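J.: Each chain, letter by letter, is given below.
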Amino acid sequence: MIITSYAIGATRSYIYIRGEFDFGAKRLEEAIKEAHAKGYLGKNILGSGFEHEMYVHRGYGAYICGEETALLESIEGYRAQPRKKPPFPALAGLYGKPTVINNVETLSCIPAIIEKGAEWFKKLGPEKSPGPKIYCVSGHVKKPGLYELPMGTTARELIYGHCGGMLHETRPLKAFIPGGVSAPMLTPQDIDTPLDFDSLAAKGSMLGSGAVIVMDNSTCMVKMAYIINRFFSHESCGKCTPCRDGTPWLTKVLRRLEHGEGRPGDVELLESLCTNIFGRTFCPLGDGAVMALRGALKHFRQEFQYHVDHKMCPVS
Amino acid sequence: MVTVKINGIEVTVEDNTLILDAARQAGIDIPTFCYQADLMGVGSCRMCIVEIEGQKKLQPSCVTPVLHGMAINTETQAVQEARAGVLEFFLANHALDCPVCDKAGECELQDMVYRHGPHKGRHAEPKFKFHEKDYILSPVIVKNSNRCVNCMKCVRVCREVVGANVLGALGRGDHQEATSFARGPLDCDHCGNCIEVCPVGCFMRLPYRYKARPWDLKGADSVCSYCATGCRIVLEERDGVAVRSRAQLGVGINNETLCARGRFGFDYMTSPERITTPLIRKSGGLVPASWEEAFGFIKDAAASIPPDSIGAQPRGLRNEETYTFQKLMREALGSPNIDSSARWAHGAVEAFISAMAMDRGGVSVLDCVKTDTVFVIGAYVSEENPVTDYLIRRYSASRNMNVIVASPRAMKLDSSANLVVRHMPASEGALLEAVLAAMSGQEPDPKALGQAGISADEAKKIAAKLKGSESVGIMAGTDFLRYPSGIGALAKISAALEGLGKKVLRLPLLDRCNQRGAWEMGVHPALGPGYSRRETAGAGTDSMLDAARAGSLKMLYLAGTDLLAMNGDRGIAGEALAKLKLLVVQDMFLTETAKLAHVVLPGAALGEKDGTVTNQEGRVQAVKRLTRPPGKAMADLDIMTMLGSAIATGFPSKIKSASVFDEIRRETGIYETVDLAFNNKKNKGNGHDNKEALVRAAAARLEAKPDFKAAAPAGPDSYPFALVTGNHFFHSGTVSLRSETLAGLAREPVVEIGEEDAGKLGLSGGERVRVRGKNHEATMLLRVRKGTKKGVAFIPENFEGAHANMFFKRGEGIQRVLIERS
Chain A
0 MIITSYAIGA TRSYIYIRGE FDFGAKRLEE AIKEAHAKGY LGKNILGSGF EHEMYVHRGY
60 GAYICGEETA LLESIEGYRA QPRKKPPFPA LAGLYGKPTV INNVETLSCI PAIIEKGAEW
120 FKKLGPEKSP GPKIYCVSGH VKKPGLYELP MGTTARELIY GHCGGMLHET RPLKAFIPGG
180 VSAPMLTPQD IDTPLDFDSL AAKGSMLGSG AVIVMDNSTC MVKMAYIINR FFSHESCGKC
240 TPCRDGTPWL TKVLRRLEHG EGRPGDVELL ESLCTNIFGR TFCPLGDGAV MALRGALKHF
300 RQEFQYHVDH KMCPVS
Chain B
0 MVTVKINGIE VTVEDNTLIL DAARQAGIDI PTFCYQADLM GVGSCRMCIV EIEGQKKLQP
60 SCVTPVLHGM AINTETQAVQ EARAGVLEFF LANHALDCPV CDKAGECELQ DMVYRHGPHK
120 GRHAEPKFKF HEKDYILSPV IVKNSNRCVN CMKCVRVCRE VVGANVLGAL GRGDHQEATS
180 FARGPLDCDH CGNCIEVCPV GCFMRLPYRY KARPWDLKGA DSVCSYCATG CRIVLEERDG
240 VAVRSRAQLG VGINNETLCA RGRFGFDYMT SPERITTPLI RKSGGLVPAS WEEAFGFIKD
300 AAASIPPDSI GAQPRGLRNE ETYTFQKLMR EALGSPNIDS SARWAHGAVE AFISAMAMDR
360 GGVSVLDCVK TDTVFVIGAY VSEENPVTDY LIRRYSASRN MNVIVASPRA MKLDSSANLV
420 VRHMPASEGA LLEAVLAAMS GQEPDPKALG QAGISADEAK KIAAKLKGSE SVGIMAGTDF
480 LRYPSGIGAL AKISAALEGL GKKVLRLPLL DRCNQRGAWE MGVHPALGPG YSRRETAGAG
540 TDSMLDAARA GSLKMLYLAG TDLLAMNGDR GIAGEALAKL KLLVVQDMFL TETAKLAHVV
600 LPGAALGEKD GTVTNQEGRV QAVKRLTRPP GKAMADLDIM TMLGSAIATG FPSKIKSASV
660 FDEIRRETGI YETVDLAFNN KKNKGNGHDN KEALVRAAAA RLEAKPDFKA AAPAGPDSYP
720 FALVTGNHFF HSGTVSLRSE TLAGLAREPV VEIGEEDAGK LGLSGGERVR VRGKNHEATM
780 LLRVRKGTKK GVAFIPENFE GAHANMFFKR GEGIQRVLIE RS
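Chains as they are written, first to last, in numbering that gives the first Met the number 0: chain A, 0 to 315; chain B, 0 to 821.
Each hint should be verified, as a subset may be incorrect.
What the hints assert, rightly or not - List of simulated lysine-lysine pairs, PhoX-like, C-alpha gap at most 25 Å:
{"id": "1", "chain 1": "B", "residue 1": "Lys491", "chain 2": "B", "residue 2": "Lys704"}
{"id": "2", "chain 1": "A", "residue 1": "Lys83", "chain 2": "B", "residue 2": "Lys56"}
{"id": "3", "chain 1": "A", "residue 1": "Lys83", "chain 2": "B", "residue 2": "Lys55"}
{"id": "4", "chain 1": "A", "residue 1": "Lys202", "chain 2": "A", "residue 2": "Lys222"}
{"id": "5", "chain 1": "A", "residue 1": "Lys84", "chain 2": "B", "residue 2": "Lys55"}
{"id": "6", "chain 1": "B", "residue 1": "Lys126", "chain 2": "A", "residue 2": "Lys310"}
{"id": "7", "chain 1": "B", "residue 1": "Lys55", "chain 2": "A", "residue 2": "Lys297"}
{"id": "8", "chain 1": "B", "residue 1": "Lys126", "chain 2": "A", "residue 2": "Lys222"}
{"id": "9", "chain 1": "B", "residue 1": "Lys56", "chain 2": "A", "residue 2": "Lys297"}
{"id": "10", "chain 1": "B", "residue 1": "Lys56", "chain 2": "A", "residue 2": "Lys84"}
{"id": "11", "chain 1": "A", "residue 1": "Lys251", "chain 2": "B", "residue 2": "Lys128"}
{"id": "12", "chain 1": "A", "residue 1": "Lys84", "chain 2": "B", "residue 2": "Lys4"}
{"id": "13", "chain 1": "A", "residue 1": "Lys202", "chain 2": "B", "residue 2": "Lys55"}
No lab work stands behind these hints, which were simulated from the structure alone.
Predicted, not measured: the structure shown is a model, and the values here were computed from it.
Sequences are here, hints too, so could you generate the full structure?
T.: Spelled out as structure tokens, the structure:
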């Protein structure tokens, strides 16, 4: 960050970290102190005359703060709600100043690239999106956790290789979400898809944050959709209408289905509400909620319908 | 310029025009909720989304600028479905309690759903409710969040236009609620602009609650009768009772904004204290009489009085009335003694008119705020002319410009200014002299600096900002009339700037409706209509009072003026009025002055007559009659003509207002080309600056000698505060005290000092304190303001029982007072 700031002439930089991550924040504070002591930060960095200060800003854990302009609002002390674009942050960002925003994962690649060279980096993963990727695997696998692997590792390799296979031998894979809850889920027939940007996009899903959620055949897809959607409606910032009022509506319908109170026409209602939300929201949060639900409906529509018709779950 | 196609219609618009505005220029209406001209766009409601050919997603037209060659469709099936979808979401958690909602009938949500919406509800889930019952946010605002559409216009108008910044949002997602901090009571300007911009029944007027349905109301275009900003309002009545005043988007310089006085202060019209019948003094008391008796009484009493009468007026009277009044006095009665202000010396008025170039025609406030530097001096603009304050705030936020505020007291506008100078009261002249010296490269005179209580650096900073601008807007207010010693420097600074080749726009900031109109109608001892100089000057207010005390002036005719409460020296005024043989007072209320009268004539409120008024810019605007005056009360013009025909021969007993205005056009010259027609039309282009309504320059320039000596401060040196006066935020003159709503906001006299002084005295706001001066002492509430100059105390001139003029004496300068815990 200091090098980037030097390159673009920025005198202030911020590291935004969620409020829950106490340990990480403390560690960063320590690191900044050390950098000050060594003269990597401050008025006259290493005698170059370049001045730079770095701050750790601890948010309060709102999901929307992952949206870069909402993050800027949060740092400025306002409600975390996305700003209209243009102007983009590169022109008018934090406090109206030109701002470069990067993910920590991106920045953490830089030392390795400097050390080992660009050629080495390019050789990792597929040609179009080279480099390592941290996959965060959770769900029904033997060894969930964080795996830093070359980009483009297939789902099969990740689940059955690195993670040691499904949790229970008797319960085979039902579906997996390749990149965070907003990515549409994929089924076992797509198990050999390389987990990179282009390959997943071709399958109608996305890499997103690289958080892989693995579900075996004991999972109720309605419940899954309900929990994911409840998250989105809880995290909706309230700025735009379709997301603010649409996602809670979806949640209410899904809750009824899950609780055996489905009504005829509910599945069609969900689909119609998805149409009214998707592409009409201010930021991609509402789109994310819709993509997740649409993914579940695409592959498991009959399971939803079963909840409506029989007022019970076919799985659990 | 770029050319775009909207629904197949080609339009050419300025670069960076929003799609929405381009469509409106092409005559295509796009529905909106969160969009409001003059507020920064947010693009959050998604009601205005349109299809741009070649783009996958629908785009919000209220924040998307047009690009050359863009093809936009606003009525495709996808757009229509999206609108209906958005409306369905609005309704999902909406209370749908239209039958008990004040907004029903003029609700934007109702209208939109009717036009674009789903006509069948699909939301069969439990609704989220913020609260069960409406809650009260302020004495004028009641709130129901269950009806909110989250457009956030209330929050934005409060922050961007009013500058009070007391509203925000609580919660997140569908629990997001725009309200005050923790829903607590608001301590704000109570201007109600949040109510006006609310598209639904979420923010509502408390005084108007459950009073009427919109379709029961009959409205009349009018102008606010308090300060001289000249805000356009629509007064509305039900069953002959005025129940609401509101502003309209795109009408007048105020657009949709008003202050508390404009929005809630109209209810003095329906006050039970209105005088409904003429009163005659009989055996010591005032008793009701008929109009014939009253006029007969005046005729008999005036018969033996030589033509030495006066009239002091401007309150609430229209141009037609003031013009007729001076004609009655000068032509029918043959008296040259006529003045328009009970408060200020007529010589100061004349010099101020000249220094502010009011005789050179009207200046639009909207041009004035579009200059490189706006310099506000001698005016407490945030409280005396709130809507002018809104305009400065709004323009300065969106333009690269300087705002300089020079005032002894801190004000809301300080936060929008990039240079704030706190000077001692009555030292505007010294401050300007110091600035003049700095502008010509000299070191400012230490004596002037000491008198103004500013540093050389501050004077130099003002000078640098003025010199660095190509155009300067000087907004000077009534403090120059109170302390005329500064007028000379005011004239000099404009001349100096013009000498440097700068464009100088001068806007007088006045605190009474139609103050300027009265001067232009010739209600001034030395000036006739249209600022023409009279060959022989009559006596001004102060001279008339002196003459009355000496017994040489025997009759006074006061129309709309509370002379006793407003004159600079209450002692002299009281003595003079008591000595009069005949005091005729024409007013709406039995004021302190009216109580001393021999005859009281019940006049009408501004909303009870047709005519025109002129605001501080010189903008002439029409007002229309809404209701009839109560009881036997009459329009003031009718009273004047009837009185005139009763006591003078040849004066017509009835004249039509319109024909008086035709005469005004002819006689004043400056009103000849004034266009009244436009003012009542709502204009869609949002170009609310109609320059044809401004008066034009007088044929001959008014020359006045601005040499006034400042009187030395009076009172013991040990008294630490210099006392200043002006209008209370919620009051203007004494009429506003009869407004139930405004009196409810501020009923008791207050004294205001700076935070530092209060801390030193160990006092805090809300405490009862005793203010002791050389001439008077009184107990009042203390108000503490952060940032006010040390050693400055302010007492508003409005409140009965503690009128500021009790502390003053003519011939004495600024009064020193002592403040102690009572």
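J.: All hints, please: hold or fail.
T.: Results for each hint:
1. At roughly 12 Å between alpha-carbon atoms, B/Lys491 and B/Lys704 fall within 25 Å of each other, so this suggested pair holds.
2. Note on A/Lys83 and B/Lys56: the hinted pairing holds, with a Cα-Cα distance of about 15 Å set against a maximum of 25 Å.
3. A C-alpha spacing of about 18 Å is found between A/Lys83 and B/Lys55, which places the hinted pair at or below 25 Å, so the restraint holds.
4. For the hint linking A/Lys202 to A/Lys222, the alpha-carbon distance of about 24 Å falls within 25 Å, and the restraint holds.
5. For the given pair, A/Lys84 sits about 17 Å from B/Lys55 by alpha-carbon distance, which is consistent with the 25 Å threshold.
6. Note on B/Lys126 and A/Lys310: the hinted pairing holds, with a Cα-Cα distance of about 23 Å set against a maximum of 25 Å.
7. Distance restraint check for B/Lys55 and A/Lys297: the Cα-Cα separation of roughly 22 Å lies within the 25 Å cut-off, and the hinted pair is therefore satisfied.
8. Straight-line distance between C-alpha atoms of B/Lys126 and A/Lys222 comes to about 22 Å, which keeps the hinted pair within the 25 Å bound.
9. Of the pairs offered as hints, the one joining B/Lys56 and A/Lys297 holds, with about 22 Å between alpha carbons and a cut-off of 25 Å not exceeded.
10. With a C-alpha separation of about 15 Å, the suggested pair B/Lys56 and A/Lys84 falls inside the 25 Å cut-off, and the hint holds.
11. For the proposed pair A/Lys251 and B/Lys128, the alpha carbon gap of about 15 Å is at most 25 Å, so the pair holds.
12. With a C-alpha separation of about 23 Å, the suggested pair A/Lys84 and B/Lys4 falls inside the 25 Å cut-off, and the hint holds.
13. In summary, the hint linking A/Lys202 to B/Lys55 is supported, as the alpha carbons are separated by about 20 Å, within the 25 Å threshold.
Taken one by one, the earlier hints all hold for this structure without exception.
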